[in-house]
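**Q** Chains G and W are the protein sequences, given in the same order. Residue numbers for the first sequence, in the working numbering: 1 to 137. Residue numbers for the second sequence, in the working numbering: 1001 to 1139.
Rather than coming from a laboratory, the hints here were simulated on the basis of the structure. Careful: at least some of the hints might be erroneous.
[Claimed, not checked] Some chain W residues close to chain G (C-beta under 10 angstroms, calculated; not the full set):
| no. | residue |
| --- | --- |
| 1 | Y1010 |
| 2 | I1013 |
| 3 | V1014 |
| 4 | K1017 |
| 5 | I1045 |
| 6 | G1053 |
| 7 | N1057 |
| 8 | N1058 |
| 9 | I1061 |
| 10 | M1065 |
| 11 | G1095 |
| 12 | L1124 |
| 13 | W1137 |
Every value quoted in this text rests on a predicted model; they were computed, and no experiment measured them. We put the CB at the ideal spot given by N, CA and C, even for glycine.
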Amino acid sequence: MITKITHTCIYVLDQNSAYDFYVNKLGFKVHTDAPMGEGARWLTVTPPEQPELEITLFLVAEGGMFDEETVQIMTTLIKKGTFGAAVFTCKDLLATYEELKSKGVVFKKPPTKEFYGYEALFLDDSGNWFSLAQINS
Amino acid sequence: MEQYEKIYLYKRIVKAKLFIDDHYAENIDLGNICDQANFSRFHFIRLFKSIYGSTPNNYLIKTRMEKAKILLAKGHSVLETSIMVGFDSPTSFAGMFKRIAGQTPSSFQKKQHAQKNAMQLNPLLFVPNCFAENNGWTK
Chain G
1 MITKITHTCI YVLDQNSAYD FYVNKLGFKV HTDAPMGEGA RWLTVTPPEQ PELEITLFLV
61 AEGGMFDEET VQIMTTLIKK GTFGAAVFTC KDLLATYEEL KSKGVVFKKP PTKEFYGYEA
121 LFLDDSGNWF SLAQINS
Chain W
1001 MEQYEKIYLY KRIVKAKLFI DDHYAENIDL GNICDQANFS RFHFIRLFKS IYGSTPNNYL
1061 IKTRMEKAKI LLAKGHSVLE TSIMVGFDSP TSFAGMFKRI AGQTPSSFQK KQHAQKNAMQ
1121 LNPLLFVPNC FAENNGWTK
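With the sequences and hints as input, model every part of the structure.
**A** Pasting the structure below:
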């Protein structure tokens, strides 16, 4: 029986920029930042109130898991905003929206009333999009 | 119209929260924070708590402790850290840190230092093997 998710991946185009976005703008915490040799880096962050879920900020780069063609295809798709990577939740969407906007986070959709609460959509620094939701209690 | 008023109100509370985020290292108090939001003290505390789940003062303490953890992990001394997060005295800083984090600043720092060393010396301990193998990091 599967019990939990411990790791998940967000594919990013620049790990330094992703670090700044996820840590300094979204307020995530760095869980692991380990050098893996030859410029490779294992970088994981956790949502502020979910320290057991590691989100790997996985660099799309040639070598290891990706060949040159895959890198080109993935880079194009990520930049195009093809991938919806996750749904994040917050206690108060309007406040979180105002705060993230003031930090320069780009929103595709402003807070909108949905049947389950409120939702907005934002983009990370690579082009991945996320839902940011406030769920009715 | 009501919606615009609500947005305006949110902007003011968020402004106050960001003021704490930016000025936690300075000698700020509730008066400074209320000034940022242009609210009466009572109204401000009530609204801030309803949005962020803690009073502005508790949020300031929490922010200072979170920043202190980052500074200690980077190797700053307890004294340096206490000053850098806005405390006048390292003793009161250490007391508050222990109350919030459940351990002394120096004990926290030792654990962080040990983990950082392990990460540098044997990073594979921190990576699920499937990713390590697929990336050729185990060779």
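**Q** All the hints need checking, so say for each whether the structure fits it.
**A** Hints versus structure:
The closest approach between the C-beta of Y1010 of chain W and any C-beta of chain G is roughly 5 angstroms, which is under the 10 angstroms cut-off, so the hint is satisfied. Here the hint on I1013 of chain W is kept, as its CB sits about 7 angstroms from the closest CB of chain G, short of 10 angstroms. Contact between V1014 of chain W and chain G, as hinted, is supported at the beta carbon level, the nearest pair being about 4 angstroms apart and thus within 10 angstroms. Of the supplied interface hints, the one on K1017 of chain W holds, with its beta-carbon coming within about 7 angstroms of a beta-carbon of chain G, less than 10 angstroms.
Interface restraint check for I1045 of chain W: the shortest CB-CB distance to chain G comes to about 15 angstroms, outside 10 angstroms, so the restraint is violated. A hinted interface residue such as G1053 of chain W counts as satisfied when its beta carbon comes closer than 10 angstroms to some beta carbon of chain G; here the least separation is about 6 angstroms, so the hint holds. A distance limit of 10 angstroms between C-beta atoms decides the matter here; for N1057 of chain W the minimum to chain G is near 18 angstroms, and the interface restraint is violated. Interface hint status for N1058 of chain W: violated, as the beta-carbon distance to the closest one in chain G is roughly 15 angstroms, over 10 angstroms.
Below 10 angstroms, beta-carbon pairs count as interface contacts, and I1061 of chain W has none with chain G, the closest being about 16 angstroms; its hint is therefore violated. Restraint check, M1065 of chain W versus chain G: the minimum CB separation of about 13 angstroms is more than 10 angstroms; hint violated. Hint on G1095 of chain W is violated. Least Cβ distance to chain G is approximately 24 angstroms, over the 10 angstroms limit. The closest approach between the C-beta of L1124 of chain W and any C-beta of chain G is roughly 8 angstroms, which is under the 10 angstroms cut-off, so the hint is satisfied.
Nearest Cβ of chain G to the Cβ of W1137 of chain W: about 5 angstroms, under the 10 angstroms cut. The hint holds.
Violated hints, listed in ascending order, are 5, 7, 8, 9, 10, 11; each of the other numbered hints is respected by the structure.
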